[in-house]
Amino acid sequence: MGKRINKEDVAHIANLSEIEYSEDEIDEITVQLDKIIDHVAKISEVDTSKVSPTSHVLNISNVLREDNPRQSIEHKEALKNAPESSDDGFKIPKID
Amino acid sequence: MEDNTENLDNLSNAESAGKADERFETIIGLETHVELSTKTKMFCGCRLSFGEKPNSNTCPVCLGHPGSLPVVNKKAVEYAMKIALALNCRINEYTIFHRKNYFYPDMTKNYQISQFDIPIGVGGFVDVNMGDYVRRVGITRVHMEEDAGKLVHSGTTGRISEADYSIGDFNRAGTPLIEIVTEPEIKSPLEAKQYMITLRNILLYLDVSDCSMEEGSLRCDANISVKLKGSDKLGTRAEIKNLNSFKFIQKALEYEVGRQISLINSGKKVIQQTRHYDDKTQSTKALRSKEEAHDYRYFPDPDLVPININESWIKEVRDSIPELPNQKEQRYNDKFGLSDYDSSLLASDFEISCYFEKALASYDSNAKGICNWLMGDFSAFLNKDQISINESKIKPEHLAGLVKLIDDGKISSKIAKSVFEEMYLKGTDPNEIIKEKGLEQISDEHELESIIKEVINNNPDAVNQYKSGKVKAIGFLVGQVMQKTKGKANPTLVNEIIIKKLS
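If you read the sequences in order, they're chains X and S. Residue numbers for the first sequence follow our numbering, so the first one is 1 and each next one is one higher. Residue numbers for the second sequence follow our numbering, so the first one is 1001 and each next one is one higher.
If you are wondering where the hints come from, they were derived from the structure by calculation, not from laboratory data. As the structure is a prediction and not an experimental result, all values here were calculated from the model. Don't take every hint at face value.
Calculated cross-link-like contacts (lysine to aspartate or glutamate; reagent style DMTMM-like; alpha-carbon spacing at most 20 Å) [claimed, not checked]:
(1) S:Lys1053 with X:Asp88
(2) S:Lys1053 with X:Glu84
(3) X:Lys91 with S:Asp1106
(4) S:Lys1269 with S:Asp1232
(5) S:Lys1150 with X:Glu66
(6) S:Lys1053 with X:Glu18
(7) S:Lys1100 with X:Asp9
(8) S:Lys1075 with X:Glu66
(9) X:Lys94 with S:Asp1106
(10) X:Lys7 with S:Asp1279
(11) X:Lys76 with S:Asp1295
(12) S:Lys1100 with X:Glu18
(13) S:Lys1053 with X:Asp87
Construct all of the structure, not just a fragment, from the sequences and the given hints.
What follows is the structure in structure tokens.
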């Protein structure tokens, strides 16, 4: 325990995800994430040396759609869940 | 955030240094994005649109609503295969989609569906004709992905740093996008430009995209570095964005070559960074001061199942590929007896070659004649007005008609030029123009004889000169006849008749 992920990893991911955090939060999340990863790591005990990588859990392929247009949703409907909208679009806070 | 720490962002410095320094060689790799011209988006049935009301062609899938599921557009896969095959790539029989994770509001899902380690096509090449030589540019990969939405930044300048807020329009989000990545084998800015022209032409032939650089359906980024000739050590590269015209590609890269050489010559280091080409200052500027962390944490998209592509599907797509530019060039050569030069010029422009073939369909006895008009006067007019051949008013069958009128001896080539001008301005049938303006060439011997008789009687000096052995004097007499007939007389015939009369 405490070896799978460190504070720097968590800070890096938080940065990539544009999430603000305090030092205390980083400490707390590092411990929690480490536990989660440790738990999930159990799966690596399975010998997969003779198994090809799985990209999807179902054994199906080629689920394709013909190139036929389908009615889009109403414009009003599209913007309905936006916290803010204006000029026909989603209003997005200032990007730094 | 623009980086001003480098004081060599100066065009004159950079340019002169770059051009003078032969000790360096340039290495360029290009990444091209092509928006496909399918009817619907990559993973949902929303129509593709350009210039429509923002967010009018969206749905839960392309808006990234939780619980919505993407389904792959079969046509887009086939277009991707077409492109990969035309670029001599090998098609991966098993191909999958990945999520490319990044946080930016042009994608509502916070990831872009793309391909990572198993793209649809790998290991191809394009031969780029440079006139004196052919540069074979390796194609590393061709992969499928989806385009992002568009952000419009508020405020008068439209600059992101000065905007209070941005408006997101997701009509473009989910548009099928193909990325074509070259090996770092392009050796000069001019080769880069020629590669793009060649690639665009192939894509137009394939009819998979409208390839409008202005509307952003064909876009390109360049990785560029310089190194001392003969050195094994590669230079640090810069990535140049916003190369949205053939002209900009060459200019931006020329500037960048100069900038990098200047830095090295003055003992400084080239920093690995993303730079943006600004046409106003004709220079490139660093976009971000800190080194970019390309950490997209790719993983297979669990919403999408793999695509298996078998031999028969590949064959089906391969058979649907039309004649490509180099094949067309060969055919023009063989079938119409056009020179290598003419054939390659015609085939190198998809629109002009289509126009040429339409003209031939209505008059096929003089391919060279039609070609000459296309490459000569017609191109000059189009260049002057900065329009494409499809935007001109002249119909292909009318151009063919003009050539036929000359071939039949109905109009002189001099008159043809003025008829062409009229056709260009108004789009009229040349037969109507010559009828209306009475421009038809006079090839009637009787009609000509009376005019010639008059000219001979009125110009005894020239006649005497000719008779005393000054053969050139005949030109003056022919000229007089042409003047009297307002250029409509058949000059060859006039020449013959005068000689006959004076001998």
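_Ascending list of hint numbers which this structure does not respect_ = 5, 6, 10, 11
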